[in-house]
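Model the full assembly from the supplied sequences, consistent with the hints where possible.
There are 2 protein chains.
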Amino acid sequence: MVVVGNEILSGKVQDSNAYFTARELRKLGVTLQRIAVVPDEIRSIADEVAYCAKTFDFVLTSGGVGPTHDDITIEAIAVAFGRKLVVHPELRRIVEEYFKGGLNAAGLKMAEVPEGAVLNAAGDLRFPTVQIENVYILPGIPQIFEPKFKALAGRFATDPYFLRAIFLSANEGIIAEHLNACLKLYPELLLGSYPRVGDSEYRVKLTLESKDEHYLTRAFDHLIGLLPGDAVVKTE
Amino acid sequence: MVVVGNEILSGKVQDSNAYFTARELRKLGVTLQRIAVVPDEIRSIADEVAYCAKTFDFVLTSGGVGPTHDDITIEAIAVAFGRKLVVHPELRRIVEEYFKGGLNAAGLKMAEVPEGAVLNAAGDLRFPTVQIENVYILPGIPQIFEPKFKALAGRFATDPYFLRAIFLSANEGIIAEHLNACLKLYPELLLGSYPRVGDSEYRVKLTLESKDEHYLTRAFDHLIGLLPGDAVVKTE
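Chains A and B are the protein sequences, given in the same order.
So for the first sequence, our numbering puts the first residue at 267; every next one is plus one.
So for the second sequence, our numbering puts the first residue at 267; every next one is plus one.
Identical copies go unnamed one by one, so any copy, or any two together, can satisfy a pair.
In silico EDC-like links for lysine to aspartate or glutamate, alpha-carbon gap of 16 Å or less:
| id | residue 1 | residue 2 |
| --- | --- | --- |
| 1 | Lys416 | Asp390 |
| 2 | Lys471 | Asp496 |
| 3 | Lys278 | Glu290 |
| 4 | Lys278 | Glu502 |
| 5 | Lys278 | Glu475 |
| 6 | Lys293 | Glu412 |
| 7 | Lys350 | Glu399 |
| 8 | Lys320 | Glu399 |
| 9 | Lys477 | Glu454 |
| 10 | Lys350 | Glu378 |
| 11 | Lys500 | Asp465 |
Just so you know, the hints here were simulated from the structure itself, not pulled from any lab data.
Pasting the structure below:
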């Protein structure tokens, strides 16, 4: 995912689209491999999108689409793919309808796409989502980003992860060797260890994940057997 | 800034360190150019850190330091700089004191640094911040990340930005041409335009920034003169 926006880098706004996307993709069983926040600069956006499009199955961008001077994501993505900017006839029709005949140059910019881009219907929303190759171009405003993502989500779905958790009163230094031992036997297990400060209930939360439910159960039982019994506060 | 963590990419945790850092750096007058969130993988971390260290004045990393199997940031940064991992004598002393004689292999890992790394005092905290070249290695836990950042902040400070804001009842399509006209005359102005949905008070917030207070005032006055008077709800 590529988040475009000086407002995020300058701390004026806390990004919520990346967090939303991470959670939604997880539910779909899709592994999010990278989030990059880049400034409103053609070169920075183009380089990052080109890298991600080449490296991953698909890419979402958030932000920098609209009629103002700082909305340059479409132009940058055209650079990333070495394409011209062209007016998309269907998008032009939608923009003209939106501006009710008062279409100016700034508004017309909203009908431009990299040559070869296609439009994806976005549920109840007026504006479709522009796609070029494996890149989906979404706006930064969360109230529009989120329904646009949901309208696309079906095409990203594969198979979900199964998840268990263990809450411990011991610190990471005590348990690290048991985690390593468990991973030796269950190398495919996704095992996370998250210390928590200032919580009276537990000090570390372990998360165990796998797309194979039986593998997860066996790894979970094995790890529980390794950990000091009095350190386990609860499991989920 | 490089944020290391599968827990962020999988949506289990919303990152707060990047937002904190963005705000704090802005107060110091430092431009944050990039935030990358990468998974707990040596290659991903090493490539991103190497790119950022080469491209920017300094780099902060967050997360992936500690005794567990998934804490590989130090090792990855050694790879990024082509250095060996070595036990730092002073860090070993601090880790031994912390583990009170019960130091195991996992704990000893916390005393390893890329060869040539230096330690920076971190205020009241027990563990210093490891620095190699222009990279500062911080932990992911916000309660430790934040005081460690603050202990370092003095060395990043340059000169601050001055900021004004204009709140508008008109939409972006109406005002875009005035923003472009203002930027023609004041090309050094940092001008942001942020639409807001579902707010009864205003529809767009414009932010104007410059490190030169007089330049900012002139640009602000010019833009106010261009905008339709009935569209301006308030200024700050």
